[in-house]
Amino acid sequence: MKRIIRLQVNGDEVEVAVEPSTLLLDVLRDSLGLTGARRGCETSYCGACTVLIDGRVAHSCAILAVLVGKRKITTVEGLAQDGKLDPLQESFIEHNGFQCGYCTPGMILAGKALLMKNLDVTEADVRRAIDGNLCRCTGYQKIVAAIMDGARKYAAPLSSLPGDGGDVRGDIRETEDTMDVANKDKPVA
Amino acid sequence: MKFEVLEPRTLDEAVFLLSKCPEETRVIAGGQSLLLMIRAGLVMPRFLLSLSNVKELGEIRLTPEKNVYIGATVTHRKVLNSQLLSQQAAILLQAVFRIGSTPVRNFGTLGGNLCHNEMGSDPPPALLALNASVECVSAKGKRKLPLRDFLTDYFETSLKPDEILTGIEIPSISSSFKRVYLKHTFRSGDLALVGVAAMVSMRAETCEEMRLALGGVGPVPFRAIAAERLGRQRKLDNSAIEEIAAAAADASDPMGDAHASADYRRKMARVFVRRALQELARASEQA
Chain V
1 MKRIIRLQVN GDEVEVAVEP STLLLDVLRD SLGLTGARRG CETSYCGACT
51 VLIDGRVAHS CAILAVLVGK RKITTVEGLA QDGKLDPLQE SFIEHNGFQC
101 GYCTPGMILA GKALLMKNLD VTEADVRRAI DGNLCRCTGY QKIVAAIMDG
151 ARKYAAPLSS LPGDGGDVRG DIRETEDTMD VANKDKPVA
Chain B
1001 MKFEVLEPRT LDEAVFLLSK CPEETRVIAG GQSLLLMIRA GLVMPRFLLS
1051 LSNVKELGEI RLTPEKNVYI GATVTHRKVL NSQLLSQQAA ILLQAVFRIG
1101 STPVRNFGTL GGNLCHNEMG SDPPPALLAL NASVECVSAK GKRKLPLRDF
1151 LTDYFETSLK PDEILTGIEI PSISSSFKRV YLKHTFRSGD LALVGVAAMV
1201 SMRAETCEEM RLALGGVGPV PFRAIAAERL GRQRKLDNSA IEEIAAAAAD
1251 ASDPMGDAHA SADYRRKMAR VFVRRALQEL ARASEQA
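These protein sequences, in sequence, are chains V and B. Under the working numbering, the residue at position 71 of the first sequence is numbered 71, and the numbers go up by one with no gaps. Plus 1000 on top of the position in the second sequence (first one is 1) and you've got the working numbering.
To be clear, the hints were calculated from the coordinates, so they are not data collected in a lab. If a hint is listed, it holds; no wrong ones were tucked in.
The calculated DSBU-like cross-link candidates involving lysine-lysine, where the alpha carbons are at most 35 angstroms apart (straight line), are:
no., chain 1, residue 1, chain 2, residue 2
1, V, K117, B, K1066
2, V, K70, B, K1160
3, B, K1002, V, K70
4, V, K117, B, K1178
5, V, K70, B, K1140
6, V, K72, B, K1020
7, V, K117, V, K142
8, B, K1160, V, K2
9, V, K2, B, K1002
10, B, K1140, V, K2
11, V, K72, B, K1002
12, B, K1055, B, K1020
13, B, K1055, V, K117
14, V, K70, B, K1142
15, B, K1160, B, K1142
16, B, K1020, V, K2
17, V, K70, B, K1055
18, V, K72, B, K1055
19, V, K70, B, K1020
20, B, K1055, V, K2
Let's have the full structure, built from the sequences with the hints guiding it.
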């Protein structure tokens, strides 16, 4: 039986009627027309369906819509502000960080999630951050270069950003678990 | 794919709902494995019982006995961010670091991982080496059992249909242990062809205690007890390490699949146990 649920998507609250078994991916694409989340492998491997949930990378093909609750969903459509692309999107264009474009929304969002936490990133950090996203065209070099460049853009004084980019650590920043004692990404050896 | 989703707010409520229709209900935490299995038609539950709102299952804490308790719905991400676990169960962090990909670690849970019991999963060897136990609750009561008795067969556990895995307990451990988790795969996000969790406690040049757990090379991850005995009260030189690695490979009972033959897995068990012990022997020399 269908339920009415409320989702927070790209800053808007939307109401949709879904079956309990409906995947978040299907709601975004079929009910909301947000086709930036791509249908790929549908087995949580390829990352074409990547979205952010509370700033964390998620495969929307492996998330039930009814269980998202009040958490904030960001799709690639939510990155541009007032018709201006996000600086990271600009970086992907400048570095030719895509060819066919199918993986691109996921790659950009995975990069965005990383850069919202940390702008002082190494290439290894970037490669780790996109470990849930497959690209079959670029060989990853240009994607990594684009995200590294995005880090530089975000770190630059805001006035030098195209269109004054706004606060990159804005409202889709990852919300920290209150339980976390420390915010540390790598375990010690 | 048709099911209803139940969302209890407390453990009592969850256990009660599960007792109503245990055979047709599946418990879901992060859903990173279960949803894929449902979509593949491997399980067809009528009800999914979500633990997302049961806050008490999402904590990492120290017990009065100074053991570490990890609630069943603690995500891999949270394990990696836990200061307490990095101090008391560093080998678990090493293993969890190697799980799947970032999205899976963000939403997948340690409890869900154990209940799924997939061959080649990373956390079980580390938890076996740590002598972890698990706690299960049903409407009839609570029981605690060693993890090795929980993991019974390929994709199978001793969890009863009316039970919920509520947490994992890791006994406090001497800080003298050196530890390492090594994983062999062709692609980094895959399950382990071989996963080796090794811990040694050395006094001078002698190994006082050795713990070796292997995953991916048998229907269930296991402790290589005979191999561990060979290491006790012994200097970890090359010949000792060779002997122990051979014994660990002998104890394995791998299945061949599309990724690697049984033979290859057994050979790699030997190679990766050897590498793990060499690494620990080196680390002990430097200490």
